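Q: With the hints as a guide, bring the two chains together.
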Amino acid sequence: MSETIKKFLYVNRKAPYGTIYALESLEVVLIGAAFDQDVSLAFIDDGVFQIAKGQKTTEIGMKNFSPTYSALGDYEVTKIYVEKESLEERGLTPDNLLHLTYEDEDDDYAEKDSIHFVSRAELSDIMDQQDVVLSF
Amino acid sequence: MAMLHTVNKSPSERNSLDSCLSHAKTGSSVLLFEDGIYAVVKGSAASGRLQKSSGISIYALGPDLKARGIGENQIIDGVTVVDYGGFVDLVTRHDNVQSWL
Chain B
4 MSETIKKFLY
14 VNRKAPYGTI
24 YALESLEVVL
34 IGAAFDQDVS
44 LAFIDDGVFQ
54 IAKGQKTTEI
64 GMKNFSPTYS
74 ALGDYEVTKI
84 YVEKESLEER
94 GLTPDNLLHL
104 TYEDEDDDYA
114 EKDSIHFVSR
124 AELSDIMDQQ
134 DVVLSF
Chain E
550 MAMLHTVNKS
560 PSERNSLDSC
570 LSHAKTGSSV
580 LLFEDGIYAV
590 VKGSAASGRL
600 QKSSGISIYA
610 LGPDLKARGI
620 GENQIIDGVT
630 VVDYGGFVDL
640 VTRHDNVQSW
650 L
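Protein chains in written order, with this note's numbering: chain B, 4 to 139; chain E, 550 to 650.
Just chain E, same shape as in the assembly (with noise of 0.2 Å):
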């Protein structure tokens, strides 16, 4: 069962993030949205620990990487961004849906 986790907290100022990578099953998807969007910030510490989750399909929300400042060449490799649509295909496309707020 193809799980889509969700998360929006910075993972320099909880640990939800971690928490959810910990979780993740192989096959999984994590969307980064509102301040989760930070963790693909290319050298951030938080980048490496998004980097060493194998298996995982990782999206970030392009409508919060604009508005916080953060461009595209700015984000690690492997991460596919999403508009608000695109958002709503990823939430059809899953059997479920985990919020780890």
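This is chain B alone, in the form it adopts within the complex (with noise of 0.2 Å):
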């Protein structure tokens, strides 16, 4: 078996229980996170509102799942990028999102933001040097 590292990108496109298409995104990235390989996520347009904090889904009868976005750190998903414009569209700040963090084991077990801001351009370039796009 090959042991070459492929940059995978999930594109996160959908506001979460509307549609199925964030939890399902959401369970592929922890299946694909077994498999060794350089995974980014990025979140844009109506899929910024997955990583919205607070959500509490008792009274609609649906499991909340987005505590599952803090667990990323632990299967080694360090890179998530959240579009701002797509954010300012939407009347959220970084301040309405969860605060998704890291250890890194090349600096001491530092905890690190694993959330990074970046502009519509800088997403652009981002989609471009991957070897795989997967978009939900």
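Keep in mind the hints are simulated off the structure, nothing from the lab.
Careful, some of the hints might be misleading.
What the hints assert, rightly or not - Away from chain B, derived, C-beta distances all over 10 Å, residues of chain E:
(1) M552
(2) A573
(3) V630
Said to hold, decoys possible - No more than 25 Å apart at the CA atoms, straight line, and that leaves these computed lysine-lysine pairs for DSS-like:
(4) E:K615 to B:K87
(5) E:K591 to E:K574
(6) B:K66 to E:K615
(7) E:K591 to B:K59
(8) E:K591 to B:K87
(9) E:K601 to E:K591
As the list claims (entries may be wrong) - Okay, the calculated beta carbon distance ranges per label pair:
(10) B:H102 to E:G604: 54 to 62 Å
(11) E:G627 to B:F38: 18 to 26 Å
(12) B:E88 to E:G620: 17 to 25 Å
(13) B:K10 to E:V646: 30 to 38 Å
(14) B:D41 to E:R598: 20 to 28 Å
(15) B:Q40 to E:N645: 30 to 38 Å
(16) B:E62 to E:D626: 55 to 63 Å
(17) E:M552 to B:E79: 49 to 57 Å
(18) E:G620 to B:F68: 13 to 21 Å
(19) B:K115 to E:T629: 18 to 26 Å
What you are looking at is a predicted structure, and each value in this text was computed from that prediction instead of being measured.
Ideal Cβ positions, reconstructed from N, Cα and C, are used throughout, including at glycine.
A: Written out as structure tokens, the structure reads:
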């Protein structure tokens, strides 16, 4: 089997709960994390709503899967890109989002932010650098 | 005849809300639920369009706001938050319901 490490980008563009895309994407990311690839996540358009903080789903009778995003760091998924323009168009700021971190094993396990706020142009470059792009 | 319009799609993914607002008459009501509630977030592009539509009562379903992490402090003025019972009351108080899917 080839040991080539490929760059994978998961692009999330849907709000949670209204459709199944967000939950399916998260499950694929977690499964894919077992394959030791270079994984990045992007949250653009309505996808930024997936990582809104303070989600409480008891009254809609659905599972709140937002706490699972906090576990991504433990699966070595540490590059999460959020598009600034998508946030602004939706009336959101970084303060409205979950605080996602990871422990950097190359830096004495220092806790670092996983989320990077990038412009549409920067994200376009990130997409261009990938070997595989998976869209949800 | 007072109509209740319901919108359950995100305003940034579908044109359901815009189409609804351009057809809704003065005196009618619009209830936002499921992904439709994102239209009431202060500072969003959709909330501006919502606030321009005068003479229409705007409602949003509380359980869907909570599920999506949208706090009441993030909502534009003039929106009445209702629970499931309130949803039923709105249906009974209006002559007809139109769902913008």
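Q: If a hint holds in the structure, say so; if it doesn't, say that too.
A: These are the hints, each one checked on the structure:
The non-interface label for M552 of chain E is consistent with chain B: the shortest C-beta to C-beta separation is roughly 24 Å, beyond 10 Å. Listed as outside the interface, A573 of chain E is consistent with that label: its C-beta sits roughly 22 Å from the nearest C-beta of chain B, beyond the 10 Å cut-off. At roughly 12 Å, the least C-beta separation between V630 of chain E and chain B is larger than 10 Å, which holds for a residue marked as non-interface. Between the alpha carbons of K615 of chain E and K87 of chain B the distance comes to roughly 23 Å, so the proposed pair stays at or under 25 Å and holds.
With a C-alpha separation of about 24 Å, the suggested pairing of K591 of chain E with K574 of chain E holds against the 25 Å cut-off. For the given pair, K66 of chain B sits about 13 Å from K615 of chain E by alpha-carbon distance, which is consistent with the 25 Å threshold. Restraint check for K591 of chain E and K59 of chain B: the C-alpha separation of about 20 Å stays at or below 25 Å, so the hint holds. With a C-alpha separation of about 16 Å, the suggested pairing of K591 of chain E with K87 of chain B holds against the 25 Å cut-off.
Straight-line distance between C-alpha atoms of K601 of chain E and K591 of chain E comes to about 14 Å, which keeps the hinted pair within the 25 Å bound. At roughly 42 Å, the beta carbons of H102 of chain B and G604 of chain E sit outside the given window of 54 to 62 Å. The supplied range of 18 to 26 Å is broken by G627 of chain E and F38 of chain B, whose beta-carbon atoms lie about 50 Å from each other. Taking 17 to 25 Å as the suggested C-beta distance range, the pair E88 of chain B and G620 of chain E conforms, at roughly 23 Å.
Restraint check, K10 of chain B to V646 of chain E: a C-beta distance of roughly 49 Å breaks the suggested window 30 to 38 Å. Checking the proposed 20 to 28 Å range against D41 of chain B and R598 of chain E shows it is violated: the Cβ atoms sit about 41 Å from each other. At roughly 54 Å, the beta-carbon separation of Q40 of chain B and N645 of chain E lies outside the given 30 to 38 Å, and the hint is violated. Checked against the hint of 55 to 63 Å, the C-beta distance between E62 of chain B and D626 of chain E comes to roughly 24 Å, which is inconsistent with it.
Hint check: M552 of chain E to E79 of chain B, Cβ distance near 53 Å, so the stated range 49 to 57 Å holds. At about 19 Å, the beta-carbon gap between G620 of chain E and F68 of chain B stays in the expected band of 13 to 21 Å. Between K115 of chain B and T629 of chain E the beta carbon distance is about 43 Å. The supplied range of 18 to 26 Å is therefore violated.
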